[in-house]
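**Q** Residues per chain, in single letters:
There are 2 protein chains.
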Amino acid sequence: MNPFARVTILGPGLIGASLGMAIRQNQLAREVVGVGRRIASVQLARQLGAIDRFTLDPAEGVREADLVVLATGVATALRLGLEIMPHLTTGCLLTDVSSAKTFLVRGLAPAVRPDVGYLSSHPMAGSEQKGPAAARADLFQNALCILTPTPASRPGDLTRLRALWKAVGCRTTELDDRAHDHFLAWVSHLPHLAATALVEVASPEALPYSAAGFRDATRLASGDPEIWSEICSSNRAEVAAALRRYARELESMASALAAGDDSAVFQKLNAAKRKRDDYYGERPQP
Amino acid sequence: MNPFARVTILGPGLIGASLGMAIRQNQLAREVVGVGRRIASVQLARQLGAIDRFTLDPAEGVREADLVVLATGVATALRLGLEIMPHLTTGCLLTDVSSAKTFLVRGLAPAVRPDVGYLSSHPMAGSEQKGPAAARADLFQNALCILTPTPASRPGDLTRLRALWKAVGCRTTELDDRAHDHFLAWVSHLPHLAATALVEVASPEALPYSAAGFRDATRLASGDPEIWSEICSSNRAEVAAALRRYARELESMASALAAGDDSAVFQKLNAAKRKRDDYYGERPQP
Numbered sequence: 060m061n062p063f064a065r066v067t068i069l070g071p072g073l074i075g076a077s078l079g080m081a082i083r084q085n086q087l088a089r090e091v092v093g094v095g096r097r098i099a100s101v102q103l104a105r106q107l108g109a110i111d112r113f114t115l116d117p118a119e120g121v122r123e124a125d126l127v128v129l130a131t132g133v134a135t136a137l138r139l140g141l142e143i144m145p146h147l148t149t150g151c152l153l154t155d156v157s158s159a160k161t162f163l164v165r166g167l168a169p170a171v172r173p174d175v176g177y178l179s180s181h182p183m184a185g186s187e188q189k190g191p192a193a194a195r196a197d198l199f200q201n202a203l204c205i206l207t208p209t210p211a212s213r214p215g216d217l218t219r220l221r222a223l224w225k226a227v228g229c230r231t232t233e234l235d236d237r238a239h240d241h242f243l244a245w246v247s248h249l250p251h252l253a254a255t256a257l258v259e260v261a262s263p264e265a266l267p268y269s270a271a272g273f274r275d276a277t278r279l280a281s282g283d284p285e286i287w288s289e290i291c292s293s294n295r296a297e298v299a300a301a302l303r304r305y306a307r308e309l310e311s312m313a314s315a316l317a318a319g320d321d322s323a324v325f326q327k328l329n330a331a332k333r334k335r336d337d338y339y340g341e342r343p344q345p
Numbered sequence: 060m061n062p063f064a065r066v067t068i069l070g071p072g073l074i075g076a077s078l079g080m081a082i083r084q085n086q087l088a089r090e091v092v093g094v095g096r097r098i099a100s101v102q103l104a105r106q107l108g109a110i111d112r113f114t115l116d117p118a119e120g121v122r123e124a125d126l127v128v129l130a131t132g133v134a135t136a137l138r139l140g141l142e143i144m145p146h147l148t149t150g151c152l153l154t155d156v157s158s159a160k161t162f163l164v165r166g167l168a169p170a171v172r173p174d175v176g177y178l179s180s181h182p183m184a185g186s187e188q189k190g191p192a193a194a195r196a197d198l199f200q201n202a203l204c205i206l207t208p209t210p211a212s213r214p215g216d217l218t219r220l221r222a223l224w225k226a227v228g229c230r231t232t233e234l235d236d237r238a239h240d241h242f243l244a245w246v247s248h249l250p251h252l253a254a255t256a257l258v259e260v261a262s263p264e265a266l267p268y269s270a271a272g273f274r275d276a277t278r279l280a281s282g283d284p285e286i287w288s289e290i291c292s293s294n295r296a297e298v299a300a301a302l303r304r305y306a307r308e309l310e311s312m313a314s315a316l317a318a319g320d321d322s323a324v325f326q327k328l329n330a331a332k333r334k335r336d337d338y339y340g341e342r343p344q345p
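Quick mapping for you: the protein sequence lines, in order, are chains A and B.
Position one of the first sequence corresponds to residue 60 (my numbering), numbered consecutively onward.
Position one of the second sequence corresponds to residue 60 (my numbering), numbered consecutively onward.
FYI, nobody ran anything at the bench for these hints, they're computed from the structure.
Predicted model, so just to flag it, every value in this text is computed and none were measured.
Just to be clear, a hint being listed does not mean it is correct.
Each pair may be met inside one copy or between any two copies, as identical chains are not told apart.
Each computed DMTMM-like pair below joins lysine to aspartate or glutamate, with the alpha-carbon atoms no more than 20 Å apart [what the hints assert, rightly or not]:
#1 189 / 285
#2 334 / 285
#3 225 / 125
#4 189 / 337
#5 225 / 197
#6 334 / 264
Using the sequences provided together with the hints, build the complete structure.
**A** Here it is as structure tokens:
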């Protein structure tokens with residue numbers, strides 16, 4: 060791909076610093092600038108090779124950048140995006156890495172200057188870890204990056220941003236903001252809260268009797284509470300609807316069990332196993 | 060430990076065949092006999108080194124065995140336990156590997172002959188895989204095995220069975236049947252149904268947008284539907300209660316979100332993260 064001259068990453072945490080490392084190792088930009096809130100964090104990002112230099116001042120950080128990446132939580136991304144808008148260089152491409160889109164895109168796109176472009180990204184990589192210390196240049200290998208054009212996207216923005224995410228290892232696809240938030244509610248936001256609730260309701264006395272299944276089923280609950288609180292709030296209606304649909308399904312399981320309708324429980328277990336195995340291609344052994 | 064002369068494993072699947080392999084490799088018995096329903100499965104178990112010989116006849120299989128392990132699903136374990144009772148050798152120790160205890164122990168213990176002993180085991184190892192092909196001699200390394208004495212346990216049974224499970228790599232602890240089923244409902248049976256319901260409610264169109272979080276959170280849903288249907292039925296009241304408590308928590312999350320009470324959502328996320336991180340010792344990095 061045609062390299063960027065200067066990429067500025069606001070919030071070089073797990074995702075932002077991993078992107079910086081991947082961009083630098085693949086020479087996808089001549090310079091990567093990091094903007095953080097805390098000096099210790101951006102210093103670490105530089106030591107780890109995620110950025111070439113840093114500043115704590117967003118306006119200074121985005122100067123003459125031709126790609127600006129908002130790599131913070133979604134609420135901060137909106138605030139920062141509005142804050143840096145007057146300071147962006149003409150022609151700049153603005154993106155973010157947020158897990159919820161409608162709130163951010165509808166808040167930010169109308170404020171985007173006519174001489175810059177904004178196209179939203181969601182690289183589906185990461186873990187329950189956070190911060191630049193957990194960053195890896197290969198974090199995006201084989202991860203799906205969902206690209207969401209906005210009313211402030213220009214012709215060519217999609218091609219250029221897609222090339223960047225592919226160059227750092229992602230598969231890419233496109234969804235509009237509402238479709239993104241609808242689908243992600245089911246496969247990301249709901250599972251996060253489901254894991255959280257599993258941990259909440261388990262009595263501390265029961266935990267010593269847990270095994271690998273519980274550990275895996277609840278891994279998402281160790282994610283960052285601030286980040287995830289913002290994501291859920293930013294996709295409020297879809298997440299609330301998914302939670303209620305899920306709670307109804309669990310109630311229906313409880314009713315079937317309590318009524319002794321064991322074949323209903325079996326049918327649910329069987330249908331879910333087939334659906335999951337079909338998707339992941341793990342057919343039962345012959 | 061003092062080795063057994065003959066161990067008979069009824070149902071040499073993932074758990075049973077792994078136990079057979081571990082017993083044989085560690086010379087914990089002079090002979091391991093496998094009893095299965097299908098010739099192909101027990102033949103495979105023998106080829107893989109899980110058993111020395113096999114039969115399809117339970118009565119013949121348990122002859123002169125001083126340890127008999129019911130390694131089937133819980134409903135089959137009760138039926139088989141009753142079926143083999145007249146054929147057990149005087150002095151024999153009977154155990155099982157079931158994930159639900161009250162139903163099995165209360166059904167089987169009153170039928171146990173006075174000249175044999177019955178003490179229940181729950182080695183918390185395994186995966187969503189099944190069958191002898193997935194068996195491994197090291198399956199039990201560091202796994203917790205919960206031992207449940209029954210009214211049909213004799214003095215010395217606990218010591219002898221504990222030594223066996225330790226010799227194959229388990230940590231061990233003891234719980235009575237009701238405490239076992241109460242705790243396991245929260246950390247095993249509920250998480251299994253929670254994963255199942257997550258898969259059920261996700262639309263097929265949403266699955267391509269799932270990532271590692273969804274895969275891990277739903278892994279349990281690929282478990283064997285027959286085995287898990289039996290487990291849930293065998294612990295009906297506890298599992299139904301856990302499902303309802305869990306559904307209420309999810310409803311409360313939905314209500315908080317819908318009402319815009321983002322601090323309540325944050326508090327839940329934060330409390331669950333702390334509880335989980337405290338348990339697993341994964342403190343956030345400084």
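**Q** Each of the hints needs a verdict: does it hold here or not?
**A** Structure-based check of all given hints:
For the homomeric pair residue 189 and residue 285, the shortest alpha-carbon distance inside one copy (11 Å) is at most 20 Å, but the shortest distance between copies (39 Å) is not. When the C-alpha separation of residue 334 and residue 285 is checked against a cutoff of 20 Å, the pair qualifies only between copies, where the shortest distance is 16 Å, while the shortest distance within a copy is 33 Å. With identical chains, the CA atoms of residue 225 and residue 125 are at most 20 Å apart within one copy only, with a shortest distance of 18 Å there and 62 Å across copies. For a Cα distance limit of 20 Å, the shortest separation of residue 189 from residue 337 across copies, 17 Å, qualifies, whereas the shortest one inside one copy, 32 Å, does not.
In this homomeric assembly, residue 225 and residue 197 come within 20 Å of each other (Cα to Cα) only inside a single copy, at 12 Å, whereas the closest approach across copies is 40 Å. Proximity of residue 334 and residue 264 under a CA criterion of 20 Å is satisfied inter-copy only: 12 Å between copies versus 34 Å inside one chain copy.
Comparing the model with each earlier hint shows no violations; every hint is respected.
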